[in-house]
Amino acid sequence: MNVEKKEKTSDPLEENSSQSRYMNDDEDVKPFSPWKDAFKQLRRNRFAVAGFIIIVFFILLGIFAPLLTPYPYDNVNLADRLVAPSSEYWLGTDDAGRDILTRIAYGARISLMVGFFAVTGALVFGTLLGVIAGYYGRWIDMLISRIFDILLAFPSILLAIAIVAIIGPSLENALIAIAIINIPIFGRLVRSRVISLREEEYIMAARAQGMKNGRILIHHILPNSVAPIIVQSTLSFGTAILEAAALGFLGLGAEPPDPEWGAMLAEARGFIQLAPWTLIAPGVSIMLVVLGFNLIGDGLRDALDPKMKN
Amino acid sequence: MFAYTMRRLLMLIPVLIGMTLITFSIVHLIPGNPAQVILGETATAEAMQNLEESMGLNEPYAVQYFIYVQDLLQGDLGTSLRSKAEIAKEIWPYIAATFELTFFAMLFAIFIGVNAGIISAWKQNSWFDFLAMLFALIGVSMPVFWLALMEQWIFAQELSWFPATGRQDNRDPMEPITYFFVIDSILHMDFTRVITTLKHLVLPSIALGTIPMAIIARMTRSSMLEVMKSDYIRTVKAKGSGQFLVIYKHALKNAFIPVLTVIGLQTGVLLGGAILTETIFSWPGIGSYVYQAINYRDYPVIQSGILVVAFIFVIINLVVDLMYKFIDPRISY
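Residue numbers (my numbering), protein chains in the order written: chain Z, 1 to 310; chain V, 1 to 333.
These are computed hints drawn from the structure, not numbers from a lab.
Any given hint could be a false lead.
[Unchecked claim] Taking lysine-lysine pairs in the BS3-like style, the calculated list, with each CA pair at most 30 Å apart, reads:
no., chain 1, residue 1, chain 2, residue 2
1, V, Lys229, Z, Lys40
2, V, Lys325, V, Lys229
3, V, Lys123, Z, Lys40
4, V, Lys229, V, Lys239
5, V, Lys89, V, Lys199
6, V, Lys239, V, Lys249
[As the list claims (entries may be wrong)] Covered by chain Z, according to a simulated footprint, are these stretches of chain V (three or more residues, beta-carbon under 8 Å):
no., region
7, 148 to 156
8, 281 to 294
9, 305 to 313
From a predicted model like this one, the values you see are computed outputs, not experimental measurements.
From the three backbone atoms N, C-alpha and C, an ideal C-beta is built for every residue, glycine too.
Using the sequences plus the hints, can you model the full thing?
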């Protein structure tokens, strides 16, 4: 069954490459590049494109936050509190009379930054530990794998809460906690990838040529592990933002007056009946950003992982 | 099977040790003097000394950890600083509340998720498939706490179909027996109460169950699509079995194995994730218990609450792992 599947999935690839070779008969024959193929496929995936547009929208919103509205995000204006959406305040104002659109835009900065740094941190440490465990094996693999097991033995949000309970509630600490809970996810992924690659013939060939471990790792093993890492990073970006918002909502992350979306929801909770718009905008923003990353992540997985192609 | 079970149990030991090390460290990694942090800035030296002695904070770390584990093994989870009660004694109602909520959330998630996934696979690329998968994608991306707030706003406050908070009508509390309120109200033979209890469960269960529902739907769909392509399904179809029988009797059996994994994992995740749902719906579960303890700096409760949830999580994962082999004997380790 497996063989059959492989044949099937490799079909379109062959077709593509032979076709392009055929079409470029008079020009230089372009070598088939899996990355280009993946990109082409990604562009054809409407869901992934939609996700990409959503994320670009929020990035621009964050960048141009100061130019977007005439209001500062922390401007308390009690005369205009809980104003419904209008031409003056597109998304209305909150209980301190602050413009919600402005706060959403500044909140995009916070959420995207938290996502970026948490994922980068988890990625760097996870990859490092995963490579060491997978490549060197033996007791060091034992040790690192058990640490991953232990970290994964806690439901992730609970572990994040425990970490924040230790180091104290703040946005930076929430970021650190989210990075830590994501380390084993990357670590395990890279480890299993390295273990399967380690036995490949071309690695053996490299070793036979006298290449040192470090060089084999950097030039052969890591480049071949990039695809699943990219997919995981994109998906983790979304979860990290969700986790940061959850911590903010519980009062364990960003603290008011910071316009973090989760913290905004916590503040708005009391006005649910009086001013529902205070709750809708931050919630929809969190959902859209996470959805955007999930769409891109799914698209990337389909494009980069030939086994998933259909 | 036996050898695998034993190996899996042995692997649990370092994990359990690691877990206790982490929960033990919660108190000791707090920057500054733990007694000071617990009692606040204005604590007198005497009060601090008393607390240090009662919590054994002035012993060396190794000795403290040893005592901590020894107490745990004897079922002593420490004493709450706030209620002064033994945690092992007061924790059960909270655990029962969380179990009940998790059970109904998973019931909702499995019923809707599995069926939506099956129909999506059956009618692949139809409008139902498209809508269901879009809905599932949104469901995965939904912040649970926001969904909970929206439910409260629409179904409790605007429409008043369901109560907004709590497990029961607080003006008319029930004499608890097992602390599973649905079971208790049945045991009391009080059927109006069964209805009220179930009504209290609706909104929090849906909020908590939405993410697993979406994940289960997506998993069921892709797994069904795979199985539907296999030879034995073609044979069953050729034999002349009806669509319904082919799908629910033959295909689902094999498609269900990966779904079961997801169900197991999600049940564990829900136990931890319940903290947000419980806070919003004032559900007196283990999540609220820990969350309140954080606000009151009740460190023994934080430690034991987290440890208990992690322990249940580990056990669920173990059961799921062992069940694989039982359900699908083709899997070998």
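Index of numbered hints that the structure contradicts, given in increasing order: Every hint satisfied by this model.
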